[in-house]
Structures are given as structure tokens and as C-alpha cells.
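Undergrad: We have chain A; now place chain B onto it with these hints.
Those sequence lines, one after another, are chains A and B.
Residue numbers for the first sequence follow the working numbering, so the first one is 1 and each next one is one higher.
Residue numbers for the second sequence follow the working numbering, so the first one is 1 and each next one is one higher.
Calculated directly from the structure, the hints in this document are not laboratory data.
Some hints could be false.
Repeated chains share a single entry, so a pair holds when one copy, or any two copies, can fit it.
[As the list claims (entries may be wrong)] Simulated pairs of lysine to any residue, SDA-like, Cα-Cα distance not exceeding 20 angstroms:
hint: 1; residue 1: K178; residue 2: D195
hint: 2; residue 1: K149; residue 2: I63
hint: 3; residue 1: K156; residue 2: R198
hint: 4; residue 1: K55; residue 2: A22
hint: 5; residue 1: K112; residue 2: L74
hint: 6; residue 1: K156; residue 2: E202
hint: 7; residue 1: K112; residue 2: L3
hint: 8; residue 1: K287; residue 2: T18
hint: 9; residue 1: K76; residue 2: D237
hint: 10; residue 1: K283; residue 2: I100
hint: 11; residue 1: K178; residue 2: K212
hint: 12; residue 1: K51; residue 2: A290
hint: 13; residue 1: K254; residue 2: A22
hint: 14; residue 1: K287; residue 2: G57
hint: 15; residue 1: K283; residue 2: D251
hint: 16; residue 1: K178; residue 2: S102
Protein chains: 2
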Amino acid sequence: MELIDGNEIASVIIEELTTLVATFQGHKPCVAFVRVGEDPASVSYVRKKEKTAAKIGIESKLIVFPETISQDSLLKEIDSLNQDSSIHGILVQAPLPEHIDSRKIFNSVSPKKDVDGFNATNLGKLCQEDNDGFVSCTPAGIVELIRRKGIETEGKRVVVLGRSLIVGKPVGMLFLGKGSTGNATVTYCHSRTPDLERHTQEADILIAAIGKPQFVTEDMVRPGATVIDVGINRIPDESKKSGYRLVGDVDFEKVAPKSSLITPVPGGVGPMTVAMLMVNTVKAYEKTIATS
Amino acid sequence: MELIDGNEIASVIIEELTTLVATFQGHKPCVAFVRVGEDPASVSYVRKKEKTAAKIGIESKLIVFPETISQDSLLKEIDSLNQDSSIHGILVQAPLPEHIDSRKIFNSVSPKKDVDGFNATNLGKLCQEDNDGFVSCTPAGIVELIRRKGIETEGKRVVVLGRSLIVGKPVGMLFLGKGSTGNATVTYCHSRTPDLERHTQEADILIAAIGKPQFVTEDMVRPGATVIDVGINRIPDESKKSGYRLVGDVDFEKVAPKSSLITPVPGGVGPMTVAMLMVNTVKAYEKTIATS
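Isolated chain A (complex conformation) (with noise of 0.2 angstroms):
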């Protein structure tokens, strides 16, 4: 078994990152972090992506909205920033209130600064292969975990454990597309699939993104798959301060033997989304320098 260190990785790519934009003449890129609440998970997000930012010197901007912001006051405040041409990319940080309608929101957000990846039109343009798009951060990170550890897709079975708009649907689209990465067989289970562990159990590639936490039991994964945890979750751990730790979909003590290669949580997914979001921010400055 062998670790897939996403915090390696994704300094690398912090790494390539910084010297580029160092490159870059004049303006820097700018993005801007849209938070509503204080939600502990989200602020915690938001600092990581701020200073992640800085490292490399893009510049970002934080905007925080009360917990009570109208959907239509939202609107506008993402209006008046996809307006703005000091400002490249645009996160507006999930999750939202129960009151605001999350899809309306993201496919507010211009497909040029959409910089999650999370509106309708970047969506397509995954499945369109097209690479003026962006590819949302996660899927996209994952895919270049696989890319980096030389893990060979081309006619491998990938099973993806969740059909979320935001790392489900469309990491098995990136799969299935002609790239370096696709070419693989991809088959989408979820909470309405009967026998989930018979088709867990033929995924060379097994992508778990359900949402619960160490749902992914060792009799379920075939010996020597590449495993990648995508849930963060937290469980009551009183041996620690917080009285929480974080863990995986994945139950990674027992699967980890079984596995070839597996991601960690934290450690895995995780660091690499937040690279990703960085990429998509240069990539959305670059565009507009392009077509200045």
C-alpha cells in the first residue's frame, strides 16, 4: 500500500503556481471569497484558501454577508462582482443557508470568474470536454492526483460512490472523457443502489463521495484498487481537545492494507481542491489578460 500524499502534491502545484504569477506584469489575479454566516467549517475554509492565496500572491478579497442576506440581495452583491474588472475569480463559499437557492446562486456567478467550477455552463463544458471551462475544484483535483502518481485510467473500472453536482457527476464525467485521465469505464452508485459492494468491489479506481463517514469497509474494495477518500466528516473523539476528528468515507485503517494506493483525510482530497482553486484563478486571469 502506498499513500497518496495530497499535501505534497498540492504543494507542488502551489509551488508552479508561485513561480508563474511571479511572471505576471502589473496586476496580480484577484479573487474574491463570498462567505454568508459564520458557519466554523466555512470560516476555517475560507482562511485556508486566503492564505493559500497569498503564498502564491494572488490577491483575494473577503466579503461577508449576515446569515440573514436575502437571495436577492446576494444576486446583486455577485452581480456588482462579476462587474468588476479588478476582480478575476469569484467563490461564493458552500454551504448557503437554507433560505437562499444554492444552484441559483452558483449559476449567477459569470462562467468566466466561476472559479469553482459550480455554474451550469462550466458544468457542460466539462462534459463537452471543452477546456475554456472550468472544472470544479475537487473532481479536478482529484483527476490530477491520478494524473501526478502515473495511476493509468484507459480502460479501467472507476466507481464513483455519489452523484453530487459538486464531485460526483462530474468526476465520472472527467473519466469517461478522451483524455489521459478518462478512456475508463465508469459506473455511478449511490444511496438507492442495491448490492453497492458488488460494484465497489470491481472498481480498479474507487472514488468514495457519499457523504458518510468510514462507510467504505474493507469487504468492499477489491485487493490492490486505488482508493480516493473525498469525505470530510466529523466524528465525537473524546481523546481530543476539540472533542471531534475528522475521518474519510472511507474506513481507512482497514481498507488502507487492501488498497494499492490510497488518499488520507485529511491529507488527501482535501489540499488538493484548494490547489485547484488556484489553478482555476490563474487560468480566469490569464483569459482575461488574453482577450484585453
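TA: Relative to chain A, chain B alone:
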């Protein structure tokens, strides 16, 4: 074995639309058919669409450009159709000549008039399960067949043979969604899948959209499966005046006895594609009325 009669189901939809369109006051829905060149199959498809529109009471406008039209000129023509408020829907008949980037053309059609559903934004909305968009006609037609025949999809295994942008990818996404014709476990197979038959043999619903005449043979199909044949292939047949006959991607004679439900070619998915184009055109019209 029962035949899924696409002509019959399409007729019912066309009747429903005729009744609905008769209630529209003032301007009727109007769709523009854009054809480039004189490819006989394209001429015939567009003629069929014109006739069906006329039957329903949908106006149509046929615009034909020579095979030699430049991509830029075609883009300009589409833009003027986008601007024309008397046109509610635009269909650019595929295939386009090789010197034209089809994806670029399809993406240039306003998402609001994209009754073919090939635009990135509508493809993304399909993935997002956003009913506000237009679902491309062949996938929509397949799902409508399944719905109207009362075929259960929840927890069922759908195998999609083919990963085209126009059929394979979107139809799988539809069966993966959460609606009444969704919640299936979906596998995509294609030309790079080893042991194709291992996958197809497990399908409760098999969608053959690989573009190879009579590719699916009886050993590839599970007894009692529902088989949807999307292929339209010409094969030589000296007994026909034309010298050819149409066959699907399924070897119908041999597969039919093994299946529980199967679509014929012609008369299966084909007429549904045309019917769903009309459904989309009426929807485009209703959306302009709702917002005017």
C-alpha cells in the same frame, strides 16, 4: 417480448402538443431550422421536423446555407436568429461540415432558444437537474419512452453503451438523477471498455448508442432486459430499391426474443427525438410568454 412503439408514443405527444398549441392566442411558437449543405440524411431529417411542426401548429423557418459557409458567417447568422424575437427555438442540423467547429456553433445558440439542448449551459442544467433548461431531444425521448411504458428505474442497473455528448453522456445523467425516471445505477461503456459484454449482460435497461450496426448481439443481453436502440445505420441491401436498409446498434432479430421490451429501428427512438424537439419548442415559446 413487447415492442416499444416509438411512433405510437410520439403520436400521442404530438396530439397533446396540438391541443395545447391550439389554445395559444396570437403568435404561435416558431422554430428556425438551420441546415448547412445538402447531405441527404440531413435534408430528410429536417423535412420530417418541418412536417411535424406544421401538424402541431408550430411555425417553422428553414434556413439553408451552402456547404462552403465559413464558421464566422454561420456564427453571425445564428446570432441574428438569437436576436430575432419572432423565433423561439433554433435547431442547427448536425452533422456540420468538417471545417466548422460544431461545439462552438451549438454553444453559440442562445440557451433560451436551444431547443436541441446541445448548448453547454443546457447540458450543465441537465446535470444539475434544473428543469428550467432544455434536455437534448434523443435522451429526453428515451426517458419519455421509459416513463410512458411505466418501466421502473429506481435501483435498476442502466448500462449506456456510448459516451457521445448528444446521447450517451446526457442520457446516463438523466437516469442517475432523483426524478421518477432516475435513481438508477448507471454504467457507461464504450469503445475502450474491455469485456463490454460483462457489463451489458448486467443491464436491466441497456441503451445502445455506439453507432455500430447490429453491434449488440444476444449473448450481450440479459434475459428480460429492456433494450433501447439509438443507432440509425445504413447497411447495403440489394433487395431494396435504395440499395440499403436502416438498422440499429442492436441485432434486433436475435436480441428481441431475449428481451422483455425493445425499441425497433426505425420506429423506436427516432420519432421520439422529433417529438421531444417539438416539446422543447413549445417550452421555449411558453418561457418567452411567461417573461414578456
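Undergrad: Hint by hint, say whether it matches the structure.
TA: Structure-based check of each hint:
1. In this homomeric assembly, K178 and D195 come within 20 angstroms of each other (Cα to Cα) only across copies, at 19 angstroms, whereas the closest approach inside a single copy is 30 angstroms.
2. When the C-alpha separation of K149 and I63 is checked against a cutoff of 20 angstroms, the pair qualifies neither within a copy, at 36 angstroms, nor between copies, at 51 angstroms.
3. Proximity of K156 to R198 under the C-alpha cut-off of 20 angstroms is found in both arrangements, the shortest distances being 16 angstroms within a copy and 14 angstroms between copies.
4. For the identical chains of this complex, K55 and A22 are intra-copy neighbours only, at 11 angstroms inside a copy versus 64 angstroms across copies, given an alpha-carbon limit of 20 angstroms.
5. In the homo-oligomer, the alpha carbons of K112 and L74 lie at most 20 angstroms apart inside one protomer (19 angstroms), although the nearest pairing across protomers, at 24 angstroms, exceeds that limit.
6. In this assembly of identical chains, K156 and E202 lie within 20 angstroms of each other by CA distance both inside one copy and across copies; the values are 10 angstroms within and 18 angstroms between.
7. In the homo-oligomer, the alpha carbons of K112 and L3 never lie at most 20 angstroms apart, since the shortest distance is 35 angstroms inside one protomer and 47 angstroms across protomers.
8. Proximity of K287 to T18 under the C-alpha cut-off of 20 angstroms is restricted to the intra-copy arrangement: shortest distance 18 angstroms within a copy versus 47 angstroms between copies.
9. Taking the closest pair of Cα atoms, K76 and D237 never come within 20 angstroms of each other, the shortest separation being 42 angstroms inside a single copy and 63 angstroms across copies.
10. In this assembly of identical chains, K283 and I100 lie within 20 angstroms of each other by CA distance neither inside one copy nor across copies; the values are 29 angstroms within and 26 angstroms between.
11. Within a single copy, K178 and K212 get their C-alpha atoms only as close as 31 angstroms, which misses the 20 angstroms cut-off; across copies the closest is 19 angstroms, which meets it.
12. Neither within a single protomer nor between protomers do K51 and A290 lie at most 20 angstroms apart by alpha-carbon distance, with minima of 27 angstroms and 46 angstroms respectively.
13. Taking the closest pair of Cα atoms, K254 and A22 never come within 20 angstroms of each other, the shortest separation being 44 angstroms inside a single copy and 65 angstroms across copies.
14. In this assembly of identical chains, the alpha carbons of K287 and G57 lie at most 20 angstroms apart only when taken from the same copy (18 angstroms versus 45 angstroms across copies).
15. Proximity of K283 to D251 under the C-alpha cut-off of 20 angstroms is found in neither arrangement, the shortest distances being 36 angstroms within a copy and 48 angstroms between copies.
16. For a Cα distance limit of 20 angstroms, the shortest separation of K178 from S102 across copies, 17 angstroms, qualifies, whereas the shortest one inside one copy, 31 angstroms, does not.
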